[in-house]
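Colleague: Sequence:
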Amino acid sequence: MRFKHILVLLILAFWVFSNSAFAAQSAGKPAYGEKAVADFYRGKTVRIIVGFSAGGGYDQYSRLIARHMSKYIPGNPAVIVENMAGAGSIIAANHVFNAAPKDGTLIGNISGPIVLEQLFGSPAVQFDMAKFRYLAVPVSETYLMIVTRKTGITKFDEVIGPKSKQVTFGAIPGSTVEHAPILARDILGANLKVVSGYKGTADVRLALDSGEVDGFFNTWTSSKITSFDKFKKGDWVVLAQLSEKPIKDLIIPNVPTISQIAKTDEQRLIMKYGTSTPNAFGKVYVLPPGTPNDRAAALENAFAKVFADKELMADANKGKLEIDPMLGEEIHKLVQEFLGMSPDLKGKLQAAIKSGKK
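Residues in the sequence shown are numbered consecutively from 1, following my numbering.
Derived by calculation from the structure, the hints in this document are not laboratory data. Here a beta-carbon is modelled for each residue, glycine too, at the ideal position from N, C-alpha and C. Hints may contain errors.
[Said to hold, decoys possible] When the alpha-carbon atoms are kept at most 30 Å apart in a straight line, the in silico DSSO-like pairs for lysine-lysine are as follows:
1. 263 x 193
2. 193 x 346
3. 224 x 193
4. 248 x 233
5. 346 x 131
6. 150 x 199
7. 199 x 333
8. 318 x 233
9. 35 x 71
10. 354 x 272
11. 305 x 263
12. 193 x 272
13. 245 x 318
14. 193 x 131
15. 199 x 320
16. 233 x 165
17. 150 x 320
18. 245 x 155
19. 357 x 193
20. 305 x 155
21. 155 x 357
22. 224 x 318
[Stated by the list, open to error] DEER-style ranges, computed between Cβ atoms:
23. 265 x 39: 25 to 31 Å
24. 123 x 308: 38 to 44 Å
25. 124 x 345: 21 to 27 Å
26. 254 x 42: 53 to 59 Å
27. 290 x 346: 26 to 32 Å
28. 310 x 248: 19 to 25 Å
29. 265 x 35: 54 to 60 Å
30. 43 x 340: 24 to 30 Å
31. 244 x 355: 24 to 30 Å
Build out the structure end to end from the sequences listed, making use of the hints.
Modeller: Printed below as a string of structure tokens:
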């Protein structure tokens with residue numbers, strides 16, 4: 001009887017502790033030693049390494065976050081942004097995973113779709129997406145197929161078929177900006193020439209302006225920040241949106257989705273997993289593996305708070321930056337599910353993208 005009494009007391013104590021911890025988290029109280037974290041960060045600088053060039057969507061989101069984040073990190077360190085462009089953010093991801101300090105003073109802002117390069121065994125990949133510590137994604141993204149008015153093309157059907165006009169698309173290696181035109185060409189039959197090697201969307205936009213390329217794939221979240229007037233004036237035309245459901249605030253009407261441009265279920269699945277699904281965690285913020293748990297938790301908590309900050313939201317609205325965040329564990333689950341893709345689908349997607357890069 002005494003053993004049972006002790007057992008009941010232990011279970012009751014565990015229940016009280018668990019619920020107290022839950023209540024603390026629900027009330028916004030950190031589940032880590034705030035004093036120790038504050039002592040570490042005080043007087044230090046947290047660097048956000050953006051895997052793309054300055055001026056693009058990734059850069060704009062990171063600079064917005066950096067302006068407002070310090071007050072939410074215990075110890076109030078300075079927060080700055082640095083750019084490490086190249087290979088669709090693979091260079092930055094390699095740096096964050098292998099060379100960056102693992103003490104919580106460096107955050108990577110990389111592209112979720114580079115998970116495809118890992119899935120396919122790219123020799124450029126020196127990281128494991130399953131092992132990053134995920135902090136946040138400010139917004140899930142949908143890519144648009146964009147061409148300039150000079151092409152004379154106004155509908156997706158006009159780039160399909162033997163009599164269609166070929167258009168040249170600028171691309172960023174290892175990113176959806178490269179994967180999307182390859183898949184549109186080789187899976188859907190679009191008459192596209194893919195020119196890769198650009199470091200960021202800002203560089204591709206310059207190439208469009210100069211006439212070096214005719215089009216590119218870019219997210220609506222980035223496009224409405226950097227190029228809203230071009231859509232409004234009709235200088236840029238949207239041929240398709242890479243999503244299953246239409247974008248709610250897209251200002252161009254009647255733009256077909258993946259379900260409408262794909263002719264078969266296989267085409268739809270390849271386009272979905274090759275473009276739209278990895279962009280659910282597109283502009284992702286990560287820490288290198290081995291970062292102390294208390295500092296990682298403090299930074300995730302800071303992201304949660306900064307995305308609810310009224311001043312940040314006012315700045316976001318001014319800059320047409322959409323905020324609809326996702327946090328750590330939810331992102332990690334999406335990455336794990338993606339890496340667990342069926343072998344059959346993985347093989348078909350890999351064959352399409354690899355053959356398209358030759």
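Colleague: Hints first: check each against the structure and report whether it holds.
Modeller: Now the hints, each set against the structure:
no., hint, verdict
1, 263 x 193, "21 Å, holds"
2, 193 x 346, "24 Å, holds"
3, 224 x 193, "25 Å, holds"
4, 248 x 233, "20 Å, holds"
5, 346 x 131, "20 Å, holds"
6, 150 x 199, "24 Å, holds"
7, 199 x 333, "29 Å, holds"
8, 318 x 233, "20 Å, holds"
9, 35 x 71, "15 Å, holds"
10, 354 x 272, "17 Å, holds"
11, 305 x 263, "44 Å, violated"
12, 193 x 272, "21 Å, holds"
13, 245 x 318, "26 Å, holds"
14, 193 x 131, "36 Å, violated"
15, 199 x 320, "23 Å, holds"
16, 233 x 165, "23 Å, holds"
17, 150 x 320, "27 Å, holds"
18, 245 x 155, "18 Å, holds"
19, 357 x 193, "11 Å, holds"
20, 305 x 155, "42 Å, violated"
21, 155 x 357, "26 Å, holds"
22, 224 x 318, "12 Å, holds"
23, 265 x 39: 25 to 31 Å, "56 Å, violated"
24, 123 x 308: 38 to 44 Å, "41 Å, holds"
25, 124 x 345: 21 to 27 Å, "23 Å, holds"
26, 254 x 42: 53 to 59 Å, "55 Å, holds"
27, 290 x 346: 26 to 32 Å, "29 Å, holds"
28, 310 x 248: 19 to 25 Å, "23 Å, holds"
29, 265 x 35: 54 to 60 Å, "56 Å, holds"
30, 43 x 340: 24 to 30 Å, "43 Å, violated"
31, 244 x 355: 24 to 30 Å, "25 Å, holds"
When held up to the earlier numbered hints, the structure conflicts with 11, 14, 20, 23, 30 and fits the remainder.
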